[in-house]
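**Student:** Here is what each chain is made of, one letter per residue.
Number of protein chains: 2
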Amino acid sequence: MKAESFPAVILAAGAGRRMKAGMPKPLVKLLGLTLLERTIMGCREAGIEKFYVVVGYEKEKVIKHVEEIRKKHGVDVEVIENKNWKKGNGTSVLAALQHLSTPFFVLMCDHIFDVEIIKNFVKDVAKEKHCVLGIDKKIERVHDIDEATKVKLRGKFIEDIGKELKNFDAVDTGIFFFHPYAKEAMKKAVEEGDASLIQGVKNLAREKKIKGIEVKGEYWIDADTQENLRVAENLLLKSLIKPQDGVISKYINRKISLLISKRLCNTPITPNAISFISFLLSIIAAFLFLMTDYIYLALAGIITQASSVIDGCDGEIARLKFQSSPFGAWLDTVLDRYADVAIAGTISYTYSSIYGNAVAWIIGVLAISGFILSSYSRKEYVIRYGKELPTNKIEYFGRRDFRLFIIFIGAILAYPLEALAVTATLHHIVIIALFFKGRNCR
Amino acid sequence: MKAESFPAVILAAGAGRRMKAGMPKPLVKLLGLTLLERTIMGCREAGIEKFYVVVGYEKEKVIKHVEEIRKKHGVDVEVIENKNWKKGNGTSVLAALQHLSTPFFVLMCDHIFDVEIIKNFVKDVAKEKHCVLGIDKKIERVHDIDEATKVKLRGKFIEDIGKELKNFDAVDTGIFFFHPYAKEAMKKAVEEGDASLIQGVKNLAREKKIKGIEVKGEYWIDADTQENLRVAENLLLKSLIKPQDGVISKYINRKISLLISKRLCNTPITPNAISFISFLLSIIAAFLFLMTDYIYLALAGIITQASSVIDGCDGEIARLKFQSSPFGAWLDTVLDRYADVAIAGTISYTYSSIYGNAVAWIIGVLAISGFILSSYSRKEYVIRYGKELPTNKIEYFGRRDFRLFIIFIGAILAYPLEALAVTATLHHIVIIALFFKGRNCR
Numbered sequence: 001m002k003a004e005s006f007p008a009v010i011l012a013a014g015a016g017r018r019m020k021a022g023m024p025k026p027l028v029k030l031l032g033l034t035l036l037e038r039t040i041m042g043c044r045e046a047g048i049e050k051f052y053v054v055v056g057y058e059k060e061k062v063i064k065h066v067e068e069i070r071k072k073h074g075v076d077v078e079v080i081e082n083k084n085w086k087k088g089n090g091t092s093v094l095a096a097l098q099h100l101s102t103p104f105f106v107l108m109c110d111h112i113f114d115v116e117i118i119k120n121f122v123k124d125v126a127k128e129k130h131c132v133l134g135i136d137k138k139i140e141r142v143h144d145i146d147e148a149t150k151v152k153l154r155g156k157f158i159e160d161i162g163k164e165l166k167n168f169d170a171v172d173t174g175i176f177f178f179h180p181y182a183k184e185a186m187k188k189a190v191e192e193g194d195a196s197l198i199q200g201v202k203n204l205a206r207e208k209k210i211k212g213i214e215v216k217g218e219y220w221i222d223a224d225t226q227e228n229l230r231v232a233e234n235l236l237l238k239s240l241i242k243p244q245d246g247v248i249s250k251y252i253n254r255k256i257s258l259l260i261s262k263r264l265c266n267t268p269i270t271p272n273a274i275s276f277i278s279f280l281l282s283i284i285a286a287f288l289f290l291m292t293d294y295i296y297l298a299l300a301g302i303i304t305q306a307s308s309v310i311d312g313c314d315g316e317i318a319r320l321k322f323q324s325s326p327f328g329a330w331l332d333t334v335l336d337r338y339a340d341v342a343i344a345g346t347i348s349y350t351y352s353s354i355y356g357n358a359v360a361w362i363i364g365v366l367a368i369s370g371f372i373l374s375s376y377s378r379k380e381y382v383i384r385y386g387k388e389l390p391t392n393k394i395e396y397f398g399r400r401d402f403r404l405f406i407i408f409i410g411a412i413l414a415y416p417l418e419a420l421a422v423t424a425t426l427h428h429i430v431i432i433a434l435f436f437k438g439r440n441c442r
Numbered sequence: 001m002k003a004e005s006f007p008a009v010i011l012a013a014g015a016g017r018r019m020k021a022g023m024p025k026p027l028v029k030l031l032g033l034t035l036l037e038r039t040i041m042g043c044r045e046a047g048i049e050k051f052y053v054v055v056g057y058e059k060e061k062v063i064k065h066v067e068e069i070r071k072k073h074g075v076d077v078e079v080i081e082n083k084n085w086k087k088g089n090g091t092s093v094l095a096a097l098q099h100l101s102t103p104f105f106v107l108m109c110d111h112i113f114d115v116e117i118i119k120n121f122v123k124d125v126a127k128e129k130h131c132v133l134g135i136d137k138k139i140e141r142v143h144d145i146d147e148a149t150k151v152k153l154r155g156k157f158i159e160d161i162g163k164e165l166k167n168f169d170a171v172d173t174g175i176f177f178f179h180p181y182a183k184e185a186m187k188k189a190v191e192e193g194d195a196s197l198i199q200g201v202k203n204l205a206r207e208k209k210i211k212g213i214e215v216k217g218e219y220w221i222d223a224d225t226q227e228n229l230r231v232a233e234n235l236l237l238k239s240l241i242k243p244q245d246g247v248i249s250k251y252i253n254r255k256i257s258l259l260i261s262k263r264l265c266n267t268p269i270t271p272n273a274i275s276f277i278s279f280l281l282s283i284i285a286a287f288l289f290l291m292t293d294y295i296y297l298a299l300a301g302i303i304t305q306a307s308s309v310i311d312g313c314d315g316e317i318a319r320l321k322f323q324s325s326p327f328g329a330w331l332d333t334v335l336d337r338y339a340d341v342a343i344a345g346t347i348s349y350t351y352s353s354i355y356g357n358a359v360a361w362i363i364g365v366l367a368i369s370g371f372i373l374s375s376y377s378r379k380e381y382v383i384r385y386g387k388e389l390p391t392n393k394i395e396y397f398g399r400r401d402f403r404l405f406i407i408f409i410g411a412i413l414a415y416p417l418e419a420l421a422v423t424a425t426l427h428h429i430v431i432i433a434l435f436f437k438g439r440n441c442r
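Chains A and F, in that order, are what the protein sequence lines are.
Start counting the first sequence at 1; every next residue gets the next number (the working numbering).
Start counting the second sequence at 1; every next residue gets the next number (the working numbering).
Note that these hints are calculated values from the structure, not bench results.
This structure is a prediction, so every number in the text was calculated from the model and none was measured.
Check the hints yourself; a few may be wrong.
Same chains, same label: a pair holds when it works inside one copy or across any pair of copies.
Straight line, CA to CA, 25 angstroms or less: simulated DSS-like cross-link-like pairs of lysine-lysine [stated by the list, open to error]:
id, residue 1, residue 2
1, LYS238, LYS255
2, LYS262, LYS242
3, LYS64, LYS127
Go ahead and model the full structure; you've got the sequences and the hints to work with.
**Tutor:** Rendered as structure tokens:
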């Protein structure tokens, strides 16, 4: 059986008093999704298909929200009621153990994970016969270490666990993998009066039945207070900055687009709609480039740069709200190329009356072909070699953020055709450089 | 152990009297490669890395050729001498069985296979504990059925084999997989006086030790006569016609390019050099389009179409001579795009003086962007979806063979800009159609 085919149990029964949100914690919103929604969607992106949400505190509201999630995302999600939720979160896991007969994952609804962590955890436990707790040895990245649950290891197994451990090797991240046999240990904890999940884990640890496996990914956080929620928000936003971002994108565009996305993610606007808005802005800019008055020229430049910034938002919103789709990515990429063609086409046409037909024509053709072919060459490489061409600093000059920025600056300085000539030339240099580099790849 | 890691033994010890070539059969040339070279390279494309060539008749010449193949292609190939070759080809397999301690494949040097057959055979026998003979049940595609070796099956096992079988289920294709235990059966055949491979197989069949597995692929042929060699040549050439070829390519370009490739494959010219020649022809055509005299215009059109035809030869030669490389395919594709840009650019520039700047400009921009983006959109789809977009008749209008043909016809009729406008428009229609189609794909 594949690990992804095991269900995930989301603990959402607690009162969440530390959060002070005025609503059940699973319903608290973070960048466009509720905490419960984000946890479920993250697991789904990791391949998990079946979900159980354990409810207790204000269960009517939570159950209603689970219904909403099921309808909105088409997720296979059921509710498990835990009448003993007040005693501790161990009762929620026990309720799941009594309900299910297969192994399952357990996640806290208020822990925000880099989806890579969930993906890797699912892979790592695939053939694990023991129960598993996802642990983090990078203690320095744990916010609020006093409140964190510490873990002491012996080899691969957990020896002890608790908030008060003085001597520890790692921290509990709140992602678990339980086998049905964990029921005894959990029942014992409840019966003996400490109905916390930690006490259940202690019981398992005593019998050497639970391993600690280190989580692999960029970030995770227990977002159980308003302050930690803000930290989580920043972590999520920061995670949208791609390592392959170009220079302009990294230092200018992302800073603005993240602010926009932070607001837009709370509206129903879709990533594809944002792609269209960015495209429309480019087309407006292209039309403005048909006029030679400085005021229109400058405006065209500014709108070009605005379109470039907003072009980042569709991907950001898509990743924040798990709305990525191959179709969306495909559409966005091709629309971007059309937008580039429109801008380069109108600039070279307009200035042919000033600089002469031949010069403007050559620059226009070089720009249009260079803008598309620098991207085309990279994609063709991916298809032929089955992998990405390793990135190189020189390629930054052939990226969209850079080309539109040069056009923006050129327009502001009233030298749009010169700017186009510069960026067009750079693109063809990049393409030639790609070939010299690709030639040596296997 | 992976099946590809087993070596292939090529039988090249016979006198090949039926061929009447005036040289040892392994050295006979077929479309740029010798029969021995083609067999080894086909196996290498199927993933086999280690080769043994069994030599006998005129062994000095064959050994010298094996040396040449080793140097030219960097193949790991050794020679096994068979002093008893005159007795029959069973002695060659016996020599291999005495030399090797692992299972191995056996191929006849004069059997021409669709490489897919070898690939599938290697896959199919990967975990086979029995010896295997590749058989063909499609009797109708066997040339020279009288000379073919027939096979009678019982379940998956071979019951009997021989040229004279009246009642048979399939035909021996000449690709085998032998385990070391086949030595006894082969030795027995030699000792009992019929030292043919078939007699050895008969002995194995008697003990239910050899299976018949159907080969999967387009074609194979025993090229043991001059006549069959011609049939093999036609099969190989026909196999170069791709199912996804456009209309112009299929009915016009391939017919000419195959004739050219048939000649070029006997020269040392490389596929990359042909890509460059095709590119240069396009650039010459683009320059000729700068002149408006009809004679230059018509010449430009003809050279455009010639470039389109020759653009097929690089891939044909590469596949015929096993010279395909990701770099070559990458370079060819991007050069094709530059060639298209050059032609569309000069046509629209030249006719701007006749039709006015705005009209020519729009057509030029539409053509350049459409020519690149129709290909770009398809590639982007492959990357996003991880598979090809299913082909559709309408896409033929967005293919290179079609666009260059329209330009050729337009030039001949002295309406190049109109032709450019028509094909440019068609390209953008194709791109929009691609999106409507891709939208429904998963």
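**Student:** Checked against the structure, which of the hints given earlier come out wrong?
**Tutor:** 3
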